[in-house]
Each structure stands twice: as C-alpha cells, then as structure tokens.
Amino acid sequence: MTNSFPDLEEAQVILITGSNTTEQHPIIATRLIKLQDKGAKIIVIDPRYTQIAQIADIYLRQKPGTDLAWFNGLMHVILRDNLANQDFIKERTEGFEELKAKVADYTPERVEEITGIPAEKLVEVAHLYAKAERSAIFYCMGITQHTTGVQHVWQCANLAMLTGHIGRPGTGVNPLRGQNNVQGACDMGGLPNVFPAYQPVTKDDAREKFQQAWGVEKLPAEVGMTIMEMMHGLENGKVKAMWVMGENPSLSDPDINHVNKALQAAEFLIVQDVFLSETAQLAHVVLPAASYAEKDGTFSNTERRVQRVRKAIEPLYGSKSDMEIICLVARKMGARGFDFETPQQVMAEINQLTPSYGGITYERLEELGALIWPCPNGEHPGTPFLHKDKFARGLGLFHAIDHQPPAEEPDEEYPFILTTGRIMFHYHTGTMTRRIEKLDREVPTCVIEINPADASRIGLNGKNKVRLQSRRGELIAEAKTTERVDPGVVFMPFHFVEAAANILTNPALDPVAKIPEYKVCAVRVELAE
Amino acid sequence: MDQRLEALLQTIQKVLPDVDGIIGLKVNAAGHIAPHLFRKEAPAELDGLAIWPKYPTPDTLRLIQKAHPGAKLGMVVRGCEERGVVEMFKHAQVDLSNISLIGLQCTREEAEFCRCAKPYTAHAKLTVGEPIEGVPDPVTEGFLAKTREERLEYWKEQLVRCIKCYGCRNVCPQCFCNVCALEDEKWVGTGWLPMPLPPMYHLVRSMHMTAKCVACRECEEVCPADIPMAIQYRLIAGDVKEMFGYETGVSMDEKPPQLLVLAEGEFERTGLPH
Amino acid sequence: MEYKNVLTTCPFCGTGCGFFLQVLDGKIVGVLPDKKHPVSQGSLCVKGWNAHGFIYHEDRLKSPLIRRNGKLVEASWDEAIELVATRLGEIKAKHGPDSIALLASAKATNEENYLFQKFGRAVIGTNNIDHCARL
Ligand code: SF4
Ligand code: SF4
Ligand code: SF4
Chain A
1 MTNSFPDLEE AQVILITGSN TTEQHPIIAT RLIKLQDKGA KIIVIDPRYT
51 QIAQIADIYL RQKPGTDLAW FNGLMHVILR DNLANQDFIK ERTEGFEELK
101 AKVADYTPER VEEITGIPAE KLVEVAHLYA KAERSAIFYC MGITQHTTGV
151 QHVWQCANLA MLTGHIGRPG TGVNPLRGQN NVQGACDMGG LPNVFPAYQP
201 VTKDDAREKF QQAWGVEKLP AEVGMTIMEM MHGLENGKVK AMWVMGENPS
251 LSDPDINHVN KALQAAEFLI VQDVFLSETA QLAHVVLPAA SYAEKDGTFS
301 NTERRVQRVR KAIEPLYGSK SDMEIICLVA RKMGARGFDF ETPQQVMAEI
351 NQLTPSYGGI TYERLEELGA LIWPCPNGEH PGTPFLHKDK FARGLGLFHA
401 IDHQPPAEEP DEEYPFILTT GRIMFHYHTG TMTRRIEKLD REVPTCVIEI
451 NPADASRIGL NGKNKVRLQS RRGELIAEAK TTERVDPGVV FMPFHFVEAA
501 ANILTNPALD PVAKIPEYKV CAVRVELAE
Chain B
1001 MDQRLEALLQ TIQKVLPDVD GIIGLKVNAA GHIAPHLFRK EAPAELDGLA
1051 IWPKYPTPDT LRLIQKAHPG AKLGMVVRGC EERGVVEMFK HAQVDLSNIS
1101 LIGLQCTREE AEFCRCAKPY TAHAKLTVGE PIEGVPDPVT EGFLAKTREE
1151 RLEYWKEQLV RCIKCYGCRN VCPQCFCNVC ALEDEKWVGT GWLPMPLPPM
1201 YHLVRSMHMT AKCVACRECE EVCPADIPMA IQYRLIAGDV KEMFGYETGV
1251 SMDEKPPQLL VLAEGEFERT GLPH
Chain C
2001 MEYKNVLTTC PFCGTGCGFF LQVLDGKIVG VLPDKKHPVS QGSLCVKGWN
2051 AHGFIYHEDR LKSPLIRRNG KLVEASWDEA IELVATRLGE IKAKHGPDSI
2101 ALLASAKATN EENYLFQKFG RAVIGTNNID HCARL
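If you're matching them up, the sequences are chains A, B and C in order.
Be aware that the first sequence starts at 1, since it is given in the working numbering, and climbs by one per residue.
Be aware that the second sequence starts at 1001, since it is given in the working numbering, and climbs by one per residue.
Be aware that the third sequence starts at 2001, since it is given in the working numbering, and climbs by one per residue.
Treat the hints with caution; some may be incorrect.
[Claimed, not checked] The list that follows gives simulated cross-link-like pairs (lysine to aspartate or glutamate, DMTMM-like), each with its CA atoms no further than 20 Å apart:
#  : chain 1 : residue 1 : chain 2 : residue 2
1  : A       : K121      : A       : D57
2  : B       : K1026     : C       : E2074
3  : A       : K480      : B       : E1242
4  : C       : K2036     : A       : E341
5  : A       : K438      : C       : D2059
6  : C       : K2035     : B       : E1110
7  : C       : K2062     : C       : E2074
8  : B       : K1186     : A       : D440
9  : B       : K1255     : B       : E1242
10 : A       : K438      : B       : E1110
11 : A       : K514      : A       : E526
12 : C       : K2036     : B       : E1220
13 : A       : K218      : A       : E229
14 : A       : K238      : C       : E2090
15 : C       : K2092     : A       : E229
16 : C       : K2027     : A       : E437
17 : A       : K465      : A       : E367
18 : C       : K2035     : B       : E1254
Just so you know, the hints here were simulated from the structure itself, not pulled from any lab data.
Start from the sequences, fold in the hints, and give me the full structure.
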C-alpha cells in the first residue's frame, strides 16, 4: 500500500475494485466501512455483488476481464469535464499526452458497451472520485490475477496521478495483499530477480555487497525461475530438486493437474509444513515445521507494517521452526553464516543488508510495537505513506493502455466465465483453516455461485451438483444460485482439494508480473447427474 | 503514577501473599494491555500493572478455575466485571468462595465511554477509587427517539455490516454455553455474508442475553463494524426488571428468572412498547 | 499455575491484526483481541478469533518423513537433515546449481524468508527462488 490505515481514515472517497474486502481482508473492510459514518463515500466496482458492494454508496458491476476499459472511461470523463489535477500532472508526471490521446476514444457509451457499466453511473463515479479532496483506491487479486494484471495496476496509478490523489494522507493506490506475509516474502528477496529490498541480482554492486556480507566468492547473476517456470523445469528435466517451505502449489497454482505431474517428476522434493499438505504427500522428505505460535519472528502486512510474531509455546510434536531447519541443512552442507540461535540475530543481519529495514530492530519493535518501512536507520520513525514529494523513479509515468480481452474468452464450447477467489472462513489452501472446527462448519466444502437464470437453464434445482469443465480439467461441486454473480459468470473459491478450482484455471501469465489469470477462464457448466 | 493505579497496586500487594495469584491487567513496553495472573513468585511483573482499557476478565477467571478448581485467587473487578462473575457464579460457571474481589471504581470518563449505568462495585470488600453515579446512554436514547420504521431501517443498515466474526459472543462473559445456538444451523445459516434477514444471529443472541447481560459492553467494543447491539440488551434488561424485578449482578443469591420455575399464572405479558 | 497473554500477529491474511494468545500452564487456550492494536483496534475476524484452533490438531506432523520404496515413513531429524543435505549437494554437483529450485513462503516470517533465499543464493548458488505471492 502507498498509505497506511491511520492516514487513510482521512479519505473522503474510497474506490474499491477487485476486492471482496469483507471476506478477504475483513478488518480492513470494517475500518473502511466505519468511515461512512464520518461522511466518506464508498464506491465498489466488481463483477460480484459482495457484502462490501451491498454496503457501498455506489456499486458498479463490470463484465469480468473488462477493467482496462472502465479505467479509461473514468479518465475520459475526468479529462472531458476538466476535473484533472493539472498542477500535479505538470510537476510530478510524464507521458500525459499519450494517456490523453488514448482515453479520448473511451466515451462512457463505448465503455458501457464493453463493460456493461451504465454510462451515467461511470460519469457519477468519475466526478465523485476526482472532485473529492482525498480519494483512495483499494484493489486486490481481482485486479492483479489477469494476463493484463500489471496494466490494471498501472491504470490505478494513472487514475491517482491524473487527479493528484497520491502522496498525501487519505489517498493513494493501495493493493491489499492476500497472504499474511506476501509483503515480507517479497521484501526479503523471495523472488528470482532480487535480493532483499528489491536489489537486483543482475546488478554488480548489489551482488558484490551480498558476496561480501555472506562471505561467498560469486553469487549467480542471472535472474532465476519463477514458480511456473520451475514447474515446467521439473517436467522437462531442467529442474531436478525442489525445496518447498510452507507452500502448497499442489492446490494453489493454476492448472494443478499439470503442476502435480511436474512435482511428481521431481527427482528430489523436500516439503516442510505444519501438516501433510497435498504437496507434502508427493515429497521425498517431509520436515515438520512449527506453527506461528511456536516461534519468534516478524510479519510485514499489506501496509508495509512490520510486526512481531511471538513464541507462545515451545515447538510441538518434535517440530522445528523453519529457521532452525534451514540453518541445520546449511550447516550440514558445510556453509558458513548460518549459526543463528534466534530470529533476532537474523534480523540484525537483515538490518545491515536491507536498506528499507535498516532501523527495524527487535528492540525498537518491542518499544514501538510496529514500524512501517522504509525505515533506514535506528532513529527513523518509519514511513506511513509513500511518494510524498516524488515517486521512486522521479516523475510518475502515465501508461496509455487499450482494452484487451482476457486470454480465454467464453465461446460455444465453454460458454461461462469462471472467476475464482477466497471466502471469509478459509485461508489459502485450507491446510490450517479446514482443520479448525469453527471455520470448517461454516463452509465445509466448495460451493460455486451461479446466477438463477443460468441455473434454471441448465436445470439446477438447488439440490443437485454441477460439473465444471475447462480446457484443462473438470470437477464436480455443490452450487448455490445467487444474483451475486451475473448471468454467464460462475464464481468458485479455491480452498478445497475435493473441488480444486485450479484444475480449471488458465495458467496464462501476465507477461511482466507472471501472475496467472485466475480471475477469468472459460468453462462449461452442466448438471452432474 | 495515576493515584488509582497506585492505590490498586498497594491493595494487590496486600492481598498477594495470601493467595495463589491475582487476576488483573498488565501492560507491555509498547503499551499493549491484556489480562494477567500476577503471582508472588514474579513480583516484578506488578511494574506492568494497568487498569485501562478494560478486558473481559470474568472469562479469565473461568479459564483459570477450570484448570485449578481449588485455587485461592484475587481478582480486580470493575462494576461490570463484578456483575459478570456474580452472574457466572449463579450459572455455576465460577466458584466465588475462594475469590477475593478487589473493586476498582470507574472514573466518569470511563463510565461515559461505556455508557454505564452502574460504574461501581457492590460486593467487593476491598475497593479502590471513589464510586460515582451512573451516566446516561445517549445511543440508546437516540434509538428510542426513532419511529418504528426508522428503527427497522437503522438495524438493517447496521446489521448488513456484520462480518460474523462471533466476537460479540466470544468476549461476552455471559456466553458460556457448551453448545451455542449461534452455531446451530437450525437457527443461524452458515457460510454466507452478509447474513440474510431476518437477522437470526442477532435475534438469537439478544434473546439469550435476557436476564444475563451485565452491560459491560465488551460485545460492542469488540465489534469490528461498531454495531451498537447493546441497545437491544439494555432494552431487554429494562423489560426483565419490569416484569420480574430482576437486575443482573445486584444480589449474590437472587436467582435469575430463567433459573426459576414459574407457577401457572405467575407470568403475564406486559406488552411493553419495544 | 501460570496464565499469560502473548501478543502476536494473525497468520491468516495481509491485514496484520494483532491478538494475544492466552497461555495457561504452557498450553494455548484461546485468542484475545488487542484493544490497543494500531491495525485491528480490539477486533478480529472469525479466522483471527480461531487462529489457535489448528495448533493442537491431531493431524500435525509428528516426525520427519522419508520416502522409502514409494512410501513416506517416519525418520529421525538427523537422518532427514543428512539426506536433504547430501541429496542437494549431489544434485548440485551433478546438474549444476540451477537444477535446484526453492519455494519461499508468504506464510513464513521475514527472518525465515531471508534465510531461505540466502541459502538458495549463497549455498546452492541459484536465483531459482520464488513464492506464491502472485496467488
Ligand atoms: S451482551 Fe455485551 S454487554 Fe452484555 S454481558 Fe455480554 S458482552 Fe457484556
Ligand atoms: S462482533 Fe459485530 S461483526 Fe462480529 S459477529 Fe458480532 S455484530 Fe457481527
Ligand atoms: S483477524 Fe482476520 S482480518 Fe485480521 S489478519 Fe486475521 S484473518 Fe486478517
């Protein structure tokens, strides 16, 4: 997020898109909802009429996969009606003329044709967002999990820069990150192209710095493989061994029939986890990991807020923390630099090598409770909002983007759009939450959502199950009819192994961020018996 | 140090040698506060003694007693927490025979935060602070000023925000049933947000708080959506007082109406307006 | 008799709510929201409230497992670590560092992710490190 919760309380208009906020980030949702009581307006643009959509002051429903168009439509109206922030554009951005030329074609009427959003509603939203003194955008996977995901994110930035709604309290572009420590995993260099703090592995000085600090002669200079490339590598024999720490790609990745084949092809698969996950069942070695309650450490939330995880009890059932396991293996392999006794010592090393975490020590966290990075040194108070006076690259760059259809569109053979997501009561692949009785009883298995019109067309009477088929696989699941989704669209949560949404999903990737298109694929829906 | 805190510390230090532990609140370096069991083995912990914000400590007592039935304990209680343990005692959830209650009288500011009618203790032998009068409850008064239609609209608007966290039930010192009706599909459907109308979750909970709610307002405080549900509980408490003459927490021995067996004719509908 | 509350951070989404794990005689008995928490302000969602619910689950892995004759069988930590270290070493020697891939975790701590990528880069010598961030 560019901003953080305390300053976001000052927002007057909140634009939420591609986020089923009350179910995915419940406590962020309720914090935003409560701002309505102080007069803030909430706008939701989403293909599903979710709880937050119901609570919103204005709700717009677009056809899945048409987001680029409505963004352009909003900007078209903002420029047409002279609502852009010209000072901000002049002083802080570049590429404006290209953007202006591009969005000129996107009249509200044309956008209505593409997206299904009524023209007058689009105009209303454009005015509301642009005219407020402080407007903030929130988005989640509904924006990123597309082959055009990065362009969606650019569109959010375009919109914010066009109106100057960035770099101040109560504004900004605020991605809500899904898993609890996605932010931290990225910050710490759990990515194929960067060291901690996004220092590129391809840069000589970055490598030299880490070579020196880690006492190794030569660190690899080529960008490594992404998870999808690893899976292909396993299949074509380029990758022989894989070590999986607490993830469950066997259920979470797109086109899992293919993923499982890949994992099975591994010559040596190591999985460490709390439970015997679907992925662990395929492993050659399974290492029992301690849960979050049995170890110390830090998580970085979606605001970049670094907070402590504290050990409440000793590791149970002979498990070990991931830290201890990594150190044991490294030392066994004769490596130096893995003699850590506590996570606090690891953090001290992180402080040295990760500029944005330079001042985030356990001592300070003990005293302050939390710190929001960038926090370069021990005196620095942290940075609740980014891009205050300038963007990381200097001037903010507008990206002119045309509407493009998703990689796979419905056709005669596969006439429905399938969109996937999370539900309130489960987390990720459910390895933990499905074992919590109070959560399991709420939603014990996968239920897809289908519009009543479609349901009656296929002869669904509320009792029977449906068969979903895509070009990649098929599955059977329970169905619930609801106006929450439009005709022609079905929604399915991805937490459930017995009806694993990712059997169906399309592994087509966003070319830049390499995010799979979970949010749109074409399926056929029929009665299962 | 705050005078009341200082006085509380002294009282605790007086009691501590004679008990196995004292339930109170403790603050950490970053200012986070939680219930704690202070023991004579770790006297330094008392440096972190805290009093505000309050926490649902009656439940802490229940937890500890379940594992240590005979333990001799002290417990710091505000008015609402005292009412909480008294009602729990009547429902056989805690045993007060071995418990020394240390009453902590609330300040006006605290009472206003809680919209509390009785910010003082009634049973504790040891007390700290000067008791003050109850304060008005503008939220409930505002609700009562609404018409019937407005009230319905009001609840609809409020309840669509509920994210079914079960927090209001989880913190409530009077929610201790082994089998909870809120988790019975016959009453409350599962798995769908927002919960559909009629608001069964909230209706069931209101009913079940009848002659039980001790007006601690922990439920409202914990509610992520700020739903002022204690309005209902408060109005029902008024009915219970009128119909049965019963008020929670007032007496140690008077049985709540739901634990009485009424003879035929004893029960009469009063037809109260809400 | 010991009762304490340990402040920690919810593991179930990117919001980062804070809560106390209630520990009674060394056992976790419940969750209590943190009223002074800057993010969650004394509230939690249903997942946070039940975040202790899986910790003592009977399905917890109780020992390292090693695949022998196609089946996963119990093994000691020494055996398992030894096997991991040896096999990774062999594969690296035979097929080069880039024949090894590591999946870090959006559920693990910062410190663990840091160490894991350090291990991949410094010990194995590969940048084949990713996690399910995009999911
Ligand atoms: S219903 Fe609310 S106010 Fe009443 S006792 Fe329970 S938590 Fe306290
Ligand atoms: S605490 Fe609030 S949000 Fe949670 S279940 Fe109760 S009323 Fe609903
Ligand atoms: S309590 Fe709920 S909203 Fe808060 S971090 Fe946990 S899962 Fe997310």
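Each hint, compared with the structure:
| no. | hint | result |
| --- | --- | --- |
| 1 | K121/A to D57/A | holds, 12 Å |
| 2 | K1026/B to E2074/C | violated, 44 Å |
| 3 | K480/A to E1242/B | violated, 46 Å |
| 4 | K2036/C to E341/A | violated, 31 Å |
| 5 | K438/A to D2059/C | holds, 17 Å |
| 6 | K2035/C to E1110/B | holds, 15 Å |
| 7 | K2062/C to E2074/C | holds, 9 Å |
| 8 | K1186/B to D440/A | holds, 17 Å |
| 9 | K1255/B to E1242/B | holds, 16 Å |
| 10 | K438/A to E1110/B | violated, 34 Å |
| 11 | K514/A to E526/A | violated, 32 Å |
| 12 | K2036/C to E1220/B | holds, 16 Å |
| 13 | K218/A to E229/A | violated, 24 Å |
| 14 | K238/A to E2090/C | holds, 15 Å |
| 15 | K2092/C to E229/A | holds, 19 Å |
| 16 | K2027/C to E437/A | holds, 19 Å |
| 17 | K465/A to E367/A | violated, 54 Å |
| 18 | K2035/C to E1254/B | violated, 34 Å |
Violated hints, in rising order: 2, 3, 4, 10, 11, 13, 17, 18; the structure is consistent with all others.
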